[in-house]
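*Asks:* Sequence:
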Amino acid sequence: VRRSNVWEDAKIKMKKCSNDELNNLIKIQFVGEPAVDQGGPRNEFFSLVHNEVSKSGMFIGKENRKCFNHDILALEQRNYYIYGQLCYIAILQGSPSPCFFAPSVVDYIVYGKTEKVETCVGDVPNQKVKQKLEELEKIEDPEASFECSFKFKAGFSKPLSTFQEKDKLFHAIALHYTLLSSLSEINQFMEGLNVHGLLDHLRQHPQQARKLFLYSENQLNAEQVDNLFVPSLSPKGSNKRAAEESVSLNFTRYLEDVEAGDVTCKLVDFNSNEESELQVTLPALLQFITGSSSVPALGFVDKPPLITFQHDSSGRKLSANTCANTLRLPVNNTFLNYDSFKVEFTSCMAEAPGFGNV
Numbered sequence: 001v002r003r004s005n006v007w008e009d010a011k012i013k014m015k016k017c018s019n020d021e022l023n024n025l026i027k028i029q030f031v032g033e034p035a036v037d038q039g040g041p042r043n044e045f046f047s048l049v050h051n052e053v054s055k056s057g058m059f060i061g062k063e064n065r066k067c068f069n070h071d072i073l074a075l076e077q078r079n080y081y082i083y084g085q086l087c088y089i090a091i092l093q094g095s096p097s098p099c100f101f102a103p104s105v106v107d108y109i110v111y112g113k114t115e116k117v118e119t120c121v122g123d124v125p126n127q128k129v130k131q132k133l134e135e136l137e138k139i140e141d142p143e144a145s146f147e148c149s150f151k152f153k154a155g156f157s158k159p160l161s162t163f164q165e166k167d168k169l170f171h172a173i174a175l176h177y178t179l180l181s182s183l184s185e186i187n188q189f190m191e192g193l194n195v196h197g198l199l200d201h202l203r204q205h206p207q208q209a210r211k212l213f214l215y216s217e218n219q220l221n222a223e224q225v226d227n228l229f230v231p232s233l234s235p236k237g238s239n240k241r242a243a244e245e246s247v248s249l250n251f252t253r254y255l256e257d258v259e260a261g262d263v264t265c266k267l268v269d270f271n272s273n274e275e276s277e278l279q280v281t282l283p284a285l286l287q288f289i290t291g292s293s294s295v296p297a298l299g300f301v302d303k304p305p306l307i308t309f310q311h312d313s314s315g316r317k318l319s320a321n322t323c324a325n326t327l328r329l330p331v332n333n334t335f336l337n338y339d340s341f342k343v344e345f346t347s348c349m350a351e352a353p354g355f356g357n358v
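Under full-length UniProt numbering, the first residue of the sequence shown is numbered 1, with each subsequent residue one higher.
Quick caveat, the hints were computed from the structure, so don't treat them as lab data.
Heads up, the beta-carbon is just placed ideally off N, CA and C, and yes, glycines get one too.
Keep in mind that a hint or two might mislead.
[To be verified] Computed Cβ-Cβ distance ranges for the label pairs, DEER-style:
#: 1; residue 1: Ser319; residue 2: Leu73; range: 39 to 45 Å
#: 2; residue 1: Cys17; residue 2: Gln224; range: 30 to 36 Å
#: 3; residue 1: Gln279; residue 2: Gln207; range: 31 to 37 Å
#: 4; residue 1: Glu245; residue 2: Ser314; range: 16 to 22 Å
#: 5; residue 1: Lys317; residue 2: Lys113; range: 51 to 57 Å
#: 6; residue 1: Gln207; residue 2: Cys17; range: 28 to 34 Å
#: 7; residue 1: Asn337; residue 2: Gln77; range: 49 to 55 Å
#: 8; residue 1: Lys55; residue 2: Leu180; range: 20 to 26 Å
#: 9; residue 1: Glu274; residue 2: Lys113; range: 47 to 53 Å
#: 10; residue 1: Glu191; residue 2: Ser340; range: 49 to 55 Å
[Claimed, not checked] Keeping only pairs whose Cα atoms sit at most 30 Å apart, straight-line, the calculated DSS-like set for lysine-lysine is:
#: 11; residue 1: Lys27; residue 2: Lys211
#: 12; residue 1: Lys13; residue 2: Lys303
#: 13; residue 1: Lys62; residue 2: Lys11
#: 14; residue 1: Lys130; residue 2: Lys116
#: 15; residue 1: Lys11; residue 2: Lys27
#: 16; residue 1: Lys166; residue 2: Lys128
#: 17; residue 1: Lys15; residue 2: Lys27
#: 18; residue 1: Lys55; residue 2: Lys266
#: 19; residue 1: Lys211; residue 2: Lys168
#: 20; residue 1: Lys116; residue 2: Lys211
#: 21; residue 1: Lys113; residue 2: Lys130
#: 22; residue 1: Lys132; residue 2: Lys62
#: 23; residue 1: Lys116; residue 2: Lys55
Construct the entire structure; sequences and hints are all you get.
*Replies:* Structure representation (structure tokens):
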């Protein structure tokens with residue numbers, strides 16, 4: 001597949017697969033990057049697919065709280081079904097899941113009933129409707145009535161709504177715009193996700209299943225990422241051990257700076273020759289090392305992330321092996337000093353294929 005067109009390339013491949021073949025372990029090779037896929041490229045592939053699809057016309061709304069968009073062409077092409085199949089594969093094979101849905105959408109997916117859906121005015125993707133509802137929310141006069149033309153489109157047919165009916169009115173309108181207006185698209189996605197009964201199984205454990213689809217359940221912090229990595233240290237008391245601990249501490253400090261938003265890098269678009277500044281994020285850092293921009297639902301059970309150290313390497317750069325989930329850090333003057341560690345780590349990330357796509 002091509003990094004710049006993973007979704008289009010994935011659709012072509014998926015249309016050739018039978019449902020039985022979806023249970024086979026998939027192997028990913030990016031065009032121009034010869035590599036044996038032992039898990040890293042697969043994780044990176046799914047991270048890129050979720051990112052590209054979430055920003056396509058198939059979804060609408062705030063970043064990381066997306067609603068399905070009513071898209072007739074995508075429905076006719078069965079794109080939501082194909083994406084559901086891809087999510088089935090990702091979950092089944094321990095790769096990143098689509099953690100960008102609005103909570104109300106997730107409620108419907110994991111419970112299958114609109115009665116179980118809790119709505120939020122802030123997730124309404126129609127800005128005009130959202131703004132009107134936010135204005136009405138501020139009204140505290142119990143004698144007030146609520147006139148809103150959007151309620152009829154949402155199926156709330158009572159001509160005049162009282163203050164006591166405010167919550168019911170808001171729920172009906174928010175439910176329409178976040179869910180009911182694109183129910184065909186959601187159902188098609190769930191049809192693909194339910195290959196071999198996966199969705200049925202997830203609905204037996206709805207609270208755990210929510211973690212597969214909610215960004216709020218998968219937000220990374222520096223401490224969490226740091227705890228993922230086990231440093232392979234030399235024996236205690238040795239000179240090597242002391243130097244390795246210093247480099248390891250610099251990695252921890254770097255994670256904290258990334259979380260605080262204090263790490264940026266400059267990227268050059270070779271087509272336009274334009275330079276842009278990009279903030280380094282923890283998801284991008286995790287993808288650089290493991291191929292996955294989030295911690296998979298099953299964790300990194302087969303290959304826990306590891307930090308190894310390379311001594312006697314004065315001019316060597318750091319490297320990451322996404323297949324082995326291993327970060328190799330040189331032990332030299334560059335990496336023993338935090339300021340130069342920060343510059344070097346950021347530079348290596350910026351030069352990596354796919355950086356900036358998460």
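*Asks:* It remains to establish, for every hint, whether it holds in the given structure.
*Replies:* Status of the hints after comparison with the structure:
Between Ser319 and Leu73 the beta carbons are some 43 Å apart, a value that agrees with the proposed interval 39 to 45 Å. For Cys17 and Gln224, the hinted distance range of 30 to 36 Å is satisfied, since their beta carbons lie about 35 Å from each other. Between Gln279 and Gln207 the CB atoms are about 33 Å apart, so this pair conforms to the stated range of 31 to 37 Å. The given range of 16 to 22 Å is respected by Glu245 and Ser314, whose C-beta atoms sit roughly 20 Å from each other.
In this structure the hint that Lys317 and Lys113 lie 51 to 57 Å apart at CB holds, the actual value being about 53 Å. Our hint of 28 to 34 Å for Gln207 and Cys17 holds, since their Cβ atoms are close to 31 Å apart. For the pair Asn337 and Gln77, the beta carbons lie near 54 Å from each other, so the given range of 49 to 55 Å is met. Checked against the hint of 20 to 26 Å, the pair Lys55 and Leu180 passes, with Cβ atoms roughly 24 Å apart.
The hint said 47 to 53 Å for the Cβ distance between Glu274 and Lys113, and at roughly 49 Å that hint holds. Glu191 and Ser340 have their C-beta atoms about 53 Å apart, which keeps the hinted 49 to 55 Å range intact. Distance check on the hinted pair: Lys27 and Lys211 sit about 25 Å apart at the alpha-carbon level, within 30 Å; holds. Distance restraint check for Lys13 and Lys303: the Cα-Cα separation of roughly 27 Å lies within the 30 Å cut-off, and the hinted pair is therefore satisfied.
For a cut-off of 30 Å, the pair hint linking Lys62 to Lys11 stands: about 25 Å separates their Cα positions. Using a Cα cut-off of 30 Å, the hinted pair Lys130 and Lys116 holds, with the two alpha carbons roughly 22 Å apart. Proposed proximity of Lys11 and Lys27 is supported: the alpha carbons are some 15 Å apart, at most 30 Å. For the suggested pair Lys166 and Lys128, the alpha carbons sit about 18 Å apart, so the restraint of at most 30 Å is met.
Taking the CA atoms of Lys15 and Lys27, the gap is about 16 Å. The hint holds against a cut of 30 Å. With a C-alpha separation of about 23 Å, the suggested pairing of Lys55 with Lys266 holds against the 30 Å cut-off. The hinted pair formed by Lys211 and Lys168 meets the criterion: a straight-line CA distance of about 28 Å does not exceed 30 Å. At most 30 Å may separate the alpha-carbon atoms for a hinted pair to count; Lys116 and Lys211 meet this at roughly 17 Å.
Taken as a hint, the Lys113 and Lys130 pair is honoured in the structure, with Cα atoms around 24 Å apart against an allowance of 30 Å. At most 30 Å may separate the alpha-carbon atoms for a hinted pair to count; Lys132 and Lys62 meet this at roughly 17 Å. Taking the CA atoms of Lys116 and Lys55, the gap is near 27 Å; set against the 30 Å cutoff, the hint holds.
In summary, this structure violates none of the numbered hints.
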